Amino acid sequence: MTTRPTARSPRPSAVRRGPTVRRRAARTGQYLALLGYLVFLAFPLLWLVSTAFKPPRELASLHPGWIPDHPTLDNFRQAFDEQPLLRSAGNSLIASLAAAAITVVIATPMAYVMARHHRSPLSRAATGWIVVSQAFPFVLVIIPLFLVLKEVRLIDSLSGLIMVYVVWSLPFALWMLAGYARAVPRELEEAAAVDGASRLRTLISVTMPLLAPGIVATALFAFITAWNEFFFALVLLKSPQKQTMPVILTHFIGTEGVADLGPLAAASLLATLPSLVLFAVIQRRITSGTLAGAVKH
Amino acid sequence: MIPVTAASARSDQGSAPPPSAAPGKGPGRAASGHRAWFLVLPALIPILLLSVGPLLYGIVLAFTDSQAGRTDPTQWIGLLNFQDLLRDTLFWESFRIGLVWAVAVSVPQFLLALGLALLLNQNLRFRWLSRALAIVPWAMPEVVVGIMWRLVYHPDAGLLNETLGTHRDWLGSLSTALPAVVVVGIWARLPQVTVTLLAGLSNVPRELHEAAAMDGAGAWRRFRTVTWPAIRPIALAISALSFIWNVNSFALVYVLTGGGPGGRTRLPMLFAYEEAFRYGQFGYAAAMGCVLVAVVSILLAVHLVARLKGDDDA
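Protein chains in written order, with this note's numbering: chain A, 438 to 734; chain B, 53 to 366.
Calculated from the structure, these hints are not laboratory results. Please note: incorrect hints may appear among the correct ones.
What the hints assert, rightly or not - Only part of the chain B face toward chain A is listed, based on derived beta-carbon distances under 7 Å: (1) Gly110; (2) Leu168; (3) Ala346; (4) Val357.
Just so we're clear, the structure is a prediction, and the values are computed from it rather than from any experiment. Just so it is clear, CB atoms sit at the ideal spot from N, CA and C, and this is done for glycine as well.
Next comes chain B alone, as it looks inside the complex (with noise of 0.2 Å):
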C-alpha cells in the first residue's frame, strides 16, 4: 500500500538494513538498545545459568574425579578420564555402534524422505492420508515409538513374525538388534525430514520445471538442474541436524533394547547414562560427552565446509 515502507518491510524479512533505517519520529535506536536489554534478559539469564554455565561445568567436571556419593573432596586429575577412556575398550566398542547407527539411520532416512518428498510434491490421490500421517510418529513420544516397535519385534505376539511366519527374537538376537532398531530409528523421523524436504520443494520454482521439460530435459535431468539447486541448503541443514539428532539418541534405544544384546545397540548415550547415574562416575561420563562433542564437531565443521564450497561453484 505505501510503497516506500511496504519495501522496507519486506527487505527486513532478507539480509535486512540495519535497524537505524527506522525513520523520523519511530523508536530511537539508542533507547531501543537499552530497552533491549531489558526485554532480553529474561530469555538470557536461564541460558546463562542452565545451559552454557552447566556446560563449561561439564567439561570442567571431565578433569576432575566427580563421583556420586563422595565424601572427601573432588579432585582435578587432568587427563586421566581420557586416558582411561582411551584403554576403555566397552567405550570404543560403544562409539563405533553409535557412528555405525547415525550413519544407518541418517542416510538412509535421507534418501527415502528425499524420495518421498519428491513424491508427495506430485499431484497424486491419497497425497493427504500421507502427509496427515506424516506427522504421526513426530507426535509421538520416543518412548511410545520404542514400545509399539517392541510389540512389532515381540518373538510370540509381534507383527514381523506372524507377518514373516517366523518365530524370531529380533531384539533379543545379536545378529538383528541393531539392524532391527536401526530400522525404528529411520521411521521415528523420517516424517520430519520428508516434510522438512518438502517444504523445500514449495520452493521451486514451478516454472522452470516446466521450461526444462519443455527443452525436453528427463526426469533426473530436471531434478538435478532445477530441484537440487534450489532444495540444497535445506537438504544439507536437516542431514546435519538427523545426524546429530541421532548421535545423542537416548530414549528410543533404552526402550527397545536397553543397549543389549550384549551390549549390540549400546549407543554412546547409554553408556555415558549408565556410566553416570548408574555407578556414578560423574568425571568419567563427562569426558565422554566431551569426546563426543568433540567428534560430532568435527563432523559437522566438514559439513559445513562441503556446504561453503558448494555455494562457491553455485
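Chain A on its own, in the form it takes in the complex (with noise of 0.2 Å):
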C-alpha cells in the first residue's frame, strides 16, 4: 500500500525510536500539548481548592492568589451554618443508596436475560430502548412524571426521586451488567444444572458470585449518578428540609447571582468528594466495560 522505504529507513528500530531532530521536535510537541490538557483540566480545580480555604479579606482583594496567605476552614464551618448542608448530605445519602440498590437488584435478572437471550425480541427491545433513552429528553419525561407523581402524592418525596433515579440509571445499569453476564462461561452453568442443581439455585451459587465484581461497579455507579443528579431533585423537591445536595448548592448563589464565595466553594467541595472517590474505585471498569464493549459487540 505504500512505496517500500529502502533510502530513508534502513533499520525498523531506526524507525522506532530514531533520535531524529523531527523526532524530537515531535515529542517536544506532545509534552506541550500534554501540558496545555494539564492547565485546562487542573486549573479550575484548584481555583476552586483554593477558594475554599481563603479567609474573606483575601476574596475580597483585587488580586487573589493561587495560594491563601492565612488558609482557613471558617469557609466550610460558614457552609454548614448557612445551608441545611447535612440534612441535604443527608437526603442525597438515602436517595443514591436506595437507588443504587434498588437498580441493581431489579436490573440484574434482566440483564442475565438480556445475555443469555440475546437473540430474544425481548431482549432485542430492552436494547432498543436503552440506546433510545440515551436520547430521552428530560422536559418530555419530567412533565407527565411531575403530574403523575403529584397525583399520587410522592411530590416533594424521597421515595418519588429514588423511583425516578431508579428508571433513569437502568438503561447504563441493564448495559454494564449484561456485558458482565456475558462474560460469565455458560459451561459453569450446564455443569451445575448437570450436578442436579435448579435453574434458581445455579443462578444464586453460580452466576451470581461471578457477576458480584460487576454489581458492585454497577451499583457505585448508579449511587454517583444520583448523588450527582440536580435536574429531578430541582423539579421534584420544594421544601429546603427535604432538598438534597446539588440543589441546596445553587441556594448558595442566591437568587442576584450574588454568592458567598467561600462557603460556596467549600460546599461544592465536600459534595464531589464522595462521588470522586467511588469514581475512582471503578473508573477503568466504567470504561472498560461499557461503551467500547457495547461497540465491539
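Each of the two chains sits in its own frame; use the hints to bring them together as a complex.
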C-alpha cells in the first residue's frame, strides 16, 4: 500500500526510536500539548480548592493569589451555618443508596436474561430502549412524571425521587451488567445443571458470585449518578428540608447571582468528594465495561 | 481447557448462536423462556410505568392545554401549541442557541479528545497524571462544575481576570456569555470522550501500526489507514452521544448564567423548564419537548445513515 522505504529508514529500530531532530521536535510538541491539557483540566479545580480555604479578606482583595496567605476552615463552618448541608447530604445519601440498591436488584436478573437470550425479541426491545433512552429529552419525561407523581402524592418526597432515579439509571445499569453476564462462562452453569442444581440455585450459587464485581461496579455507578443528579431533584423537591445536595448548593448562589464565594466553594468541594472517591475506585471498569465493549459487540 | 465449550463461550461474546446451543441436560430453552419473563418483570414494570408511559403521556400532553393549578378540565387543543411555537420568536431564538451550543461544544470537544487520546496512547511521562485527572471532571456533579467555573469567570475574584489582568464580567456580558459557557461545556465532558476514544485505541492492532511504519507511512497516513478505521465505530458512537447530551444540557448552564444575560445562553431545556415549572404551561412545554425530540431524531438518523454507508465502503 506504500512504497518500500529503502533509502530513508534502513533499520526498523531507527523508525521506532531514531533520535532524529524531527522526532525530538515531535516529542516536545507532544509534551507541550500534554501540558496544555493538564493546565486546562487542573486549573479550575485548583482554583476551587484555593477559594475554599481563603479567608474573606483575601477573597475580596483585587489580586487573589493561588495559595491563601492565611488558609482557614471558616468557609466550611460557615457553609454548614448558612444552608442545611448536613441534612441535604443525608437526603442525597438516602436517595443515592436506595436508588443504587434497587437498580441493581431489579436490573441484574433482566441483564442476565439479556446476556443469555440476546436474540429474543425481549432482549432486542430492551437493547433498543437502552439506546433510545440515551436520547431522552428530560423535559418530555419530567412534565408527565411530575403530574403523575403529584397525583399519587409522591411529589416533594424522596421516595418519588428514588423511583425516578432507578428508572433513570436502569439503561446504563442493564448495559453494564449484561456485559458482565456475557463474560460468565456458560459451561459453569451447565456443569451445575448436570450436577442437578435447579436453575435458580445455579443462578444464586454459581452465576451471582461471578457477577459480584460487576454488580458492585454498577451499584457504585448508579450511586454516583444519583448523588450528582440535579434536574429531577430541582423539579420534584420543593421544601428545603427534603432537597438534595446539588439543589442546596444552588441556594448559595442566591437569586441575584451574588454568592458568598468561600462557603460556596467549600460546600462544592464537600459535595464532590464522595463521588470522586467512588469514581476513582470503579473508573477502569466503567470505561472498559461499557461503550467500548458495546461497540465491539 | 475444554476446547469445544470454551469456543462456544467465546463466540457468545460476539454474535452468538441462539440459546438452543446449550447442550443436553442444560437449562432447557422452553423452561428458561418462561423463567426469563419472571426475571425480567422487576425491571420491565418500572420501565413501562416510569419511562415509556410518561414519554407517551408527554406526547399526548403536547396536544392539550394542560396548565399548573388549573381547575377546569384539560382540553384537547390539537396542533394549537405547535402553531404557537412556530410564532414564538423566543423559542426559535432558544432553539438556535441550543444548536449553536451543541455544535460549538461537541465538535471541538471531539477533536480535542481525539488528539488527547492519541497523545495519551503514546508512551509519555506524566501520562498517569493526565489519566488520573481525566476522571475528575467526569465524577464531579454538574452543579459543582458550574459553580467552579463561576469562580474562574468571577469579575472580581476570578482566576481568568487575574491571569489576563482584565476586569470583565465574562458570564454577564452579551458578547462573551455564550463563548464562556461553551468552554465550560467542552471542559465538562472532555474526559468522557477522551477516555472512550482511548478505549477504542486499545483495539488498534500494534503490529499493523508497526508494519505501516516500516513501510514508511507517515503519522497522518498511519492514522488514516490504520487507526481511524479501527476506532471509527466508537468515534461515531461517542460523537452522537455527546451531541445528544449537549442538546439536553441543563444543570451546567442553569448554574452558570441561568440562561442570561438577556437570554443569550437560554438553552432549549432551560426555556422548557421555565415554561413548565415557572409559568405552569405544561402542554406548551411538552410540545417544545416533542419538537426537540423530532429534531434530535432526524439528526441522529442522518448520523446513522452516514455510519452505515461508511461500513459499506469499508
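Quiz prompt | Broken hints, by number | solution = 3 and 4
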